[in-house]
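Protein chains in written order, with my numbering: chain A, 294 to 487; chain B, 294 to 487; chain C, 294 to 487; chain D, 294 to 487.
Everything labelled a hint here was simulated from the structure, so no lab data went into it. Be aware that a few hints might be false.
Put simply, identical chains are the same to the list, so a pair is met inside one copy or across any two.
Claimed, not checked - List of simulated lysine-lysine pairs, PhoX-like, C-alpha gap at most 25 Å:
id: 1; residue 1: LYS313; residue 2: LYS472
id: 2; residue 1: LYS484; residue 2: LYS464
id: 3; residue 1: LYS308; residue 2: LYS472
id: 4; residue 1: LYS464; residue 2: LYS313
id: 5; residue 1: LYS313; residue 2: LYS360
id: 6; residue 1: LYS484; residue 2: LYS447
id: 7; residue 1: LYS447; residue 2: LYS472
Protein chains: 4
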Amino acid sequence: MDFLGIEDEAFLRGKVPMTKQEIRILALAKAHITPDSIVYDIGAGTGSFSIEAARLAPQGQVYALEKNAEAVSLIQANAEKFQLENIVILHREAPEGLEALPNPDAVLIGGSGRHMEEILDIVTEKLPEGGHIVVTAITVQSLMQCISYMRAHKGNYQYDAIQVQVSRLEKVGSYDMAKALNPIFIVTCVKGAF
Amino acid sequence: MDFLGIEDEAFLRGKVPMTKQEIRILALAKAHITPDSIVYDIGAGTGSFSIEAARLAPQGQVYALEKNAEAVSLIQANAEKFQLENIVILHREAPEGLEALPNPDAVLIGGSGRHMEEILDIVTEKLPEGGHIVVTAITVQSLMQCISYMRAHKGNYQYDAIQVQVSRLEKVGSYDMAKALNPIFIVTCVKGAF
Amino acid sequence: MDFLGIEDEAFLRGKVPMTKQEIRILALAKAHITPDSIVYDIGAGTGSFSIEAARLAPQGQVYALEKNAEAVSLIQANAEKFQLENIVILHREAPEGLEALPNPDAVLIGGSGRHMEEILDIVTEKLPEGGHIVVTAITVQSLMQCISYMRAHKGNYQYDAIQVQVSRLEKVGSYDMAKALNPIFIVTCVKGAF
Amino acid sequence: MDFLGIEDEAFLRGKVPMTKQEIRILALAKAHITPDSIVYDIGAGTGSFSIEAARLAPQGQVYALEKNAEAVSLIQANAEKFQLENIVILHREAPEGLEALPNPDAVLIGGSGRHMEEILDIVTEKLPEGGHIVVTAITVQSLMQCISYMRAHKGNYQYDAIQVQVSRLEKVGSYDMAKALNPIFIVTCVKGAF
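In isolation and in its complexed conformation, chain A is listed as follows (with noise of 0.2 Å):
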């Protein structure tokens, strides 16, 4: 049985920036990734959310874009880590790459390195009513361009923003301390969903 959620010490990561747990069970909860979903995941970093997401959908497949190389190697060997088939990685930077791929059921987006917005517009091309976009971002602009293109496209999405800061208590000795994660915004984008 595999769960949502795995540990960030059970992942390779080398020196690449990881999303913690915590926002990655809540991004893949807001994906609404089904069994047989087609999932993109844009700025796959170490593949952490490409793996959770390949274990949500068995029988569907996920395609991690990544640009830098040493990462490609980590979701590679993440992949092989955890024994999962149903991940294509490609070393590409989106939107390169995008259009030759089947429509997505669910959109992962965790680094978009400055082209929020030609993404955004070949997923909305691509994505069915019903589809679901999920933004993690940890700068204000990249939370920016994204609530900036739902509000000015109104009529395809409706799209909802959360921040979350999780603060970890750490034991030292007989005392918990409190050492926090930085804050992460969360936009969900339903497609065509009113």
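Please arrange chains B, C and D on chain A, whose structure you already have, making use of the hints.
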């Protein structure tokens, strides 16, 4: 297909306070519920945890314990609304009633009514190795009761505590205004995990 | 002796939203107000910032601009309650009215009413080198308007932005329950500080 | 003119952990220090609280107690850097050393070294009515020790506890990335205030 993460608005809730969607998602993901799990939902409130747990465990069984009569009715109404037949509602104040239940695989504690220690004592007897307890707490006292118990029973448990603060961006005309939800502590305790 | 950090309950506030004590303390500390400072309080609301600023600048002068008539009355009432004679209240929607004022040493912007850029343009003309602008924002759009302005005027300003989220532990019987206040962005801009 | 809220970078700090600027500002504002206050800084660390307190109390006196030798040197160095002569540094682990000091008007407790109760017992004897204790805590145990003490001494104190979580927007090229600081509990206790 049933997703983890039902929208708050989908529950009937009257005036009973309800844990918010993001906290439910995280607590349930951390509880490692499987399709045939036996789950206790202690201090079940509106039953929102029970409903989500019952969907994750379609071949299992959820036992919802709740002392407040109005809340008991809401759990019943929500179980009917979501057409779930694997929820047994007990109008009891835990630990009362726990003894007679089949052993659990996962225990959710949302309200302990000042009986945290007694509840954990009984649960400890009944929970198998590898079983999970997930406590959600809004007060620092409940958090400490749980942490102190776990520190005093190091031979039995490993615990991991986080605090989660979610803000929702509410749309006010062309602006998105951050509205805070109360921060919640989530303590995940795994029996014999070392 | 007048302390920075008047309790929220000490202000008359009607139904006008008011920035909370902790945010007032931080914003005012970051504004570097001296005893003879000229201060603008733009979008003054209940006047809570103006009152605290007027106490920090007993030989200076505070100009409170506010478009809402009910709020203007509250500022007046609060100035009387705290016996402050160095607050000039202007029933105006900024930037209207700013031109005629003496040059400021510190500018507090709590509400910009969609005129952030025009307000900052005029303030930039009037603010001397070393002068401070402190913007408090509850919407991501106001935050971005301020940040974008500062990034576009790098030759004039250095800015520093934080987000602050305060929770108050409310006493409920023998428990202390965390109640969240909305997170606020505070942007501190110093003219010619490089 | 000395402002409350010295920049973190202005302090010499070696490897000694230091409370961040925003927390210092809030704790000091809540301590109601006057120009002639006697202030204790218990668990003084780098001395950042002592420095700010000494500037708020130019005719008063600050007693900095610190058990760690490296930290004691830093307090000395910071007092010299900020040219403050009203700080007495005691290389002691509180409550040791407190008995002999003149009665305080305000007591800052940043580190209690597991002696919270004894420290509060002695401080309670020496603090006059209307005096303030401000405890900053990063662990939930320190928070609870303080809150439990205050609840057990309701005849002597009123307390008010908050949790503050600050994130700083770091500039990364044309983006502003939210970096979290650890959440801190601040408990303000006023003697005989009822």
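Here is what the structure says about each hint:
With identical chains, the CA atoms of LYS313 and LYS472 are at most 25 Å apart both within one copy (13 Å) and between copies (14 Å). In this assembly of identical chains, the alpha carbons of LYS484 and LYS464 lie at most 25 Å apart only when taken from different copies (18 Å versus 44 Å within one copy). In this assembly of identical chains, the alpha carbons of LYS308 and LYS472 lie at most 25 Å apart whether taken from the same copy (20 Å) or from different copies (18 Å). Proximity of LYS464 and LYS313 under a CA criterion of 25 Å is satisfied in both settings, with 19 Å inside one chain copy and 21 Å between copies.
For the homomeric pair LYS313 and LYS360, the shortest alpha-carbon distance inside one copy (21 Å) is at most 25 Å, but the shortest distance between copies (36 Å) is not. Taking the closest pair of Cα atoms, LYS484 and LYS447 come within 25 Å of each other only inside a single copy of the chain (10 Å); across copies the shortest separation is 39 Å, beyond that limit. When the C-alpha separation of LYS447 and LYS472 is checked against a cutoff of 25 Å, the pair qualifies only between copies, where the shortest distance is 22 Å, while the shortest distance within a copy is 39 Å.
Going through the hint list in order, the structure satisfies each hint without exception.
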